[in-house]
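Asks: Here are the chains, one letter per residue:
2 protein chains.
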Amino acid sequence: MQRVANCILRTDDYVLMLKKPRRGWYVAPGGKMEAGENIKDSVVREFKEETGLSIENPELRGSFTFVMREEGKTAQEWMMFTFFTTSYSGDLLEVSEEGELEWVPVDEVLQKPMAEGDREIFKHILTSEGQLYGTFVYTTDFRLIDQDLDPSRPD
Amino acid sequence: MQRVANCILRTDDYVLMLKKPRRGWYVAPGGKMEAGENIKDSVVREFKEETGLSIENPELRGSFTFVMREEGKTAQEWMMFTFFTTSYSGDLLEVSEEGELEWVPVDEVLQKPMAEGDREIFKHILTSEGQLYGTFVYTTDFRLIDQDLDPSRPD
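Respectively, the protein sequence lines represent chains A and B. Read in my numbering, the first sequence has 18 at position 18, and its numbers run on one by one without any break. Read in my numbering, the second sequence has 18 at position 18, and its numbers run on one by one without any break.
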């Protein structure tokens, strides 16, 4: 099972986002966990690789199960662990292999093109300090067909 | 990959533990996540099945990667998500299929026979409200050969 760890880095009124080339969708930087790695080591390593920045004191805020369905069957299932932090060191890469890095004003984050489930995650984590748990069900072309969030609204 | 969710239920000066029949080791009740399930739904369902009790407002406190090694190779890898709560409803099962249920005085928890890594987890979660992240490496007969905890000591 694939496991992904990512982090929402917010400084003052901006959030660091990565625009992926394939669909032009925005995500929080991060990537795949390696074998034997724990989720925090993973998010620090992946964030550094994608952005050049070392995040400091990332806190886990969301734990999600993603299911991708095709013809009524589960084609894939993976987990995502989303951290949050406001501090980092280092210099932003000018070019990331994974896409375009962009400091997005906080009040524009939810207007960016992104997976529908990710929008719910940003909405929650940018407005609440509580843990968010959820399951998202997508088609193989990333259309959200079901979601179950707990809490269902930000606190 | 196997995923396990469990919960440390503490009420006043007692912790609910499950003594597994095979080695006589104590664990926090819980069990395997099902396909498509998120970690919180999973811990509530599993705790109910093993104990008869409905835990209320469980909070995620620890996220762990377990690696089991055999002859220098990884034989198995799984993840465990450990929650904590102090409230529940329902009546304790008199007989659990999984082992013997026991309300253990808090100051005796760490003296019980258990996997070495689990002892570290209990020690941390019973004394700190912060999140714990970690990797544990075991032999196939459950001897702990390596661990990496973050934070390394309870706050």
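For the record, the hints were derived by calculation from the structure and aren't laboratory data. Any given hint could turn out to be false.
To be verified - Among the chain A residues that face chain B by a calculated CB cut under 8 angstroms, a handful are:
1. Met1
2. Asn38
3. Ile39
4. Asn57
5. Leu60
6. Ser63
7. Phe64
8. Thr74
9. Pro105
10. Tyr133
11. Gly134
Claimed, not checked - List time: in silico DSSO-like cross-link candidates among lysine-lysine, alpha-carbon distance up to 30 angstroms:
12. B:Lys73 <-> B:Lys48
13. A:Lys73 <-> B:Lys32
14. B:Lys19 <-> B:Lys123
15. A:Lys73 <-> B:Lys48
16. A:Lys19 <-> A:Lys48
17. A:Lys112 <-> A:Lys20
18. B:Lys32 <-> B:Lys123
19. B:Lys73 <-> A:Lys48
20. A:Lys32 <-> A:Lys112
21. B:Lys73 <-> A:Lys32
22. A:Lys32 <-> B:Lys32
23. B:Lys20 <-> B:Lys32
24. A:Lys32 <-> A:Lys19
25. A:Lys20 <-> A:Lys123
26. A:Lys32 <-> A:Lys123
Stated by the list, open to error - Counterexamples of contact, computed for chain B against chain A with all Cβ distances above 12 angstroms:
27. Ile39
28. Val44
29. Gly52
30. Leu53
31. Val67
32. Glu71
33. Met79
34. Ser87
35. Glu94
36. Glu102
37. Val104
38. Val106
39. Thr135
40. Asp141
For clarity, every value in this text was computed on a predicted model and none was experimentally measured. Note that the Cβ used here is the ideal one computed from N, Cα and C, for glycine as well.
Asks: Against this structure, judge whether each hint is valid.
Replies: Verification of the hints:
Given hint, methionine 1 of chain A at the interface with chain B, holds; its Cβ is 4 angstroms from that chain's nearest Cβ, closer than 8 angstroms. Checking asparagine 38 of chain A against chain B: minimum C-beta separation of about 5 angstroms stays under 8 angstroms; hint holds. Proximity of isoleucine 39 of chain A to chain B holds as hinted, the smallest CB-CB distance being about 5 angstroms (cut-off 8 angstroms). The beta carbon of asparagine 57 of chain A is not positioned within 8 angstroms of any beta carbon in chain B (closest approach about 11 angstroms), and the interface hint is therefore violated.
Interface hint at leucine 60 of chain A: satisfied, since its Cβ lies 6 angstroms from the closest Cβ of chain B, which is below the 8 angstroms cut-off. Taking 8 angstroms as the C-beta contact cut-off toward chain B, the hint placing serine 63 of chain A at the interface holds, the least distance being around 5 angstroms. Annotation: phenylalanine 64 of chain A was flagged as interfacial toward chain B, and the flag holds, the nearest CB pair being 7 angstroms apart, inside 8 angstroms. Hint status for threonine 74 of chain A relative to chain B: holds, with the closest Cβ pair at about 7 angstroms, below 8 angstroms.
About 29 angstroms separates the beta-carbon of proline 105 of chain A from the nearest beta-carbon of chain B, more than 8 angstroms, and the hint is not met. Nearest Cβ of chain B to the Cβ of tyrosine 133 of chain A: about 4 angstroms, under the 8 angstroms cut. The hint holds. The restraint placing glycine 134 of chain A at the interface with chain B holds, with a minimum CB-CB distance near 6 angstroms, inside the 8 angstroms limit. With a CA separation close to 36 angstroms, the supplied pair lysine 73 of chain B and lysine 48 of chain B exceeds the 30 angstroms bound.
A C-alpha spacing of about 21 angstroms is found between lysine 73 of chain A and lysine 32 of chain B, which places the hinted pair at or below 30 angstroms, so the restraint holds. Taken as a hint, the lysine 19 of chain B and lysine 123 of chain B pair is honoured in the structure, with Cα atoms around 18 angstroms apart against an allowance of 30 angstroms. With a C-alpha separation of about 28 angstroms, the suggested pairing of lysine 73 of chain A with lysine 48 of chain B holds against the 30 angstroms cut-off. Between lysine 19 of chain A and lysine 48 of chain A, the direct Cα distance comes to roughly 16 angstroms. Compliance with the 30 angstroms bound is thereby established for this hinted pair.
Of the pairs offered as hints, the one joining lysine 112 of chain A and lysine 20 of chain A holds, with about 12 angstroms between alpha carbons and a cut-off of 30 angstroms not exceeded. At roughly 23 angstroms between alpha-carbon atoms, lysine 32 of chain B and lysine 123 of chain B fall within 30 angstroms of each other, so this suggested pair holds. Taking the CA atoms of lysine 73 of chain B and lysine 48 of chain A, the gap is about 28 angstroms. The hint holds against a cut of 30 angstroms. Between lysine 32 of chain A and lysine 112 of chain A the CA atoms are separated by roughly 23 angstroms; this keeps the pair inside 30 angstroms, and the hint holds.
For the suggested pair lysine 73 of chain B and lysine 32 of chain A, the alpha carbons sit about 21 angstroms apart, so the restraint of at most 30 angstroms is met. As the CA atoms of lysine 32 of chain A and lysine 32 of chain B are separated by approximately 22 angstroms, the hinted pair is consistent with the 30 angstroms bound. Of the pairs offered as hints, the one joining lysine 20 of chain B and lysine 32 of chain B holds, with about 15 angstroms between alpha carbons and a cut-off of 30 angstroms not exceeded. About 17 angstroms separates the Cα atoms of lysine 32 of chain A and lysine 19 of chain A, which keeps this hinted pair within 30 angstroms; it holds.
Taken as a hint, the lysine 20 of chain A and lysine 123 of chain A pair is honoured in the structure, with Cα atoms around 20 angstroms apart against an allowance of 30 angstroms. Restraint check for lysine 32 of chain A and lysine 123 of chain A: the C-alpha separation of about 23 angstroms stays at or below 30 angstroms, so the hint holds. Chain A draws isoleucine 39 of chain B into its interface by the beta-carbon criterion, the shortest separation being 5 angstroms against a cut-off of 12 angstroms. The Cβ of valine 44 of chain B sits about 10 angstroms from the closest Cβ of chain A, inside the 12 angstroms cut-off, so the non-interface label is violated.
With a least CB separation of 22 angstroms from chain A, glycine 52 of chain B remains clear of the 12 angstroms interface cut-off, as annotated. At the 12 angstroms boundary, the C-beta of leucine 53 of chain B stays outside the reach of chain A, the nearest C-beta of that chain being 19 angstroms off. Non-interface call for valine 67 of chain B relative to chain A: violated, since the shortest CB-CB distance, roughly 5 angstroms, does not exceed 12 angstroms. Annotated as non-interface, glutamate 71 of chain B keeps its C-beta farther than 12 angstroms from every C-beta of chain A; the closest such distance is 16 angstroms.
With 12 angstroms as the threshold on Cβ separation, the claim that methionine 79 of chain B sits away from chain A is violated: the shortest Cβ distance comes to roughly 8 angstroms. Every C-beta of chain A lies more than 12 angstroms from that of serine 87 of chain B, the closest at about 17 angstroms, which supports listing it as non-interface. Its beta-carbon lying about 31 angstroms from the closest one in chain A, glutamate 94 of chain B satisfies the requirement of being farther than 12 angstroms from that chain. The Cβ of glutamate 102 of chain B lies farther than 12 angstroms from every Cβ of chain A, with a closest approach of about 29 angstroms, so its non-interface assignment holds.
The Cβ of valine 104 of chain B sits about 27 angstroms from the closest Cβ of chain A, beyond the 12 angstroms cut-off, so the non-interface label holds. Here valine 106 of chain B stays apart from chain A, with its beta-carbon at least about 24 angstroms from theirs, past the 12 angstroms limit. The Cβ of threonine 135 of chain B does not lie farther than 12 angstroms from every Cβ of chain A; its closest approach is about 5 angstroms, which violates its non-interface assignment. At roughly 19 angstroms from the closest C-beta of chain A, the C-beta of aspartate 141 of chain B stays outside 12 angstroms, upholding its exclusion from the interface.
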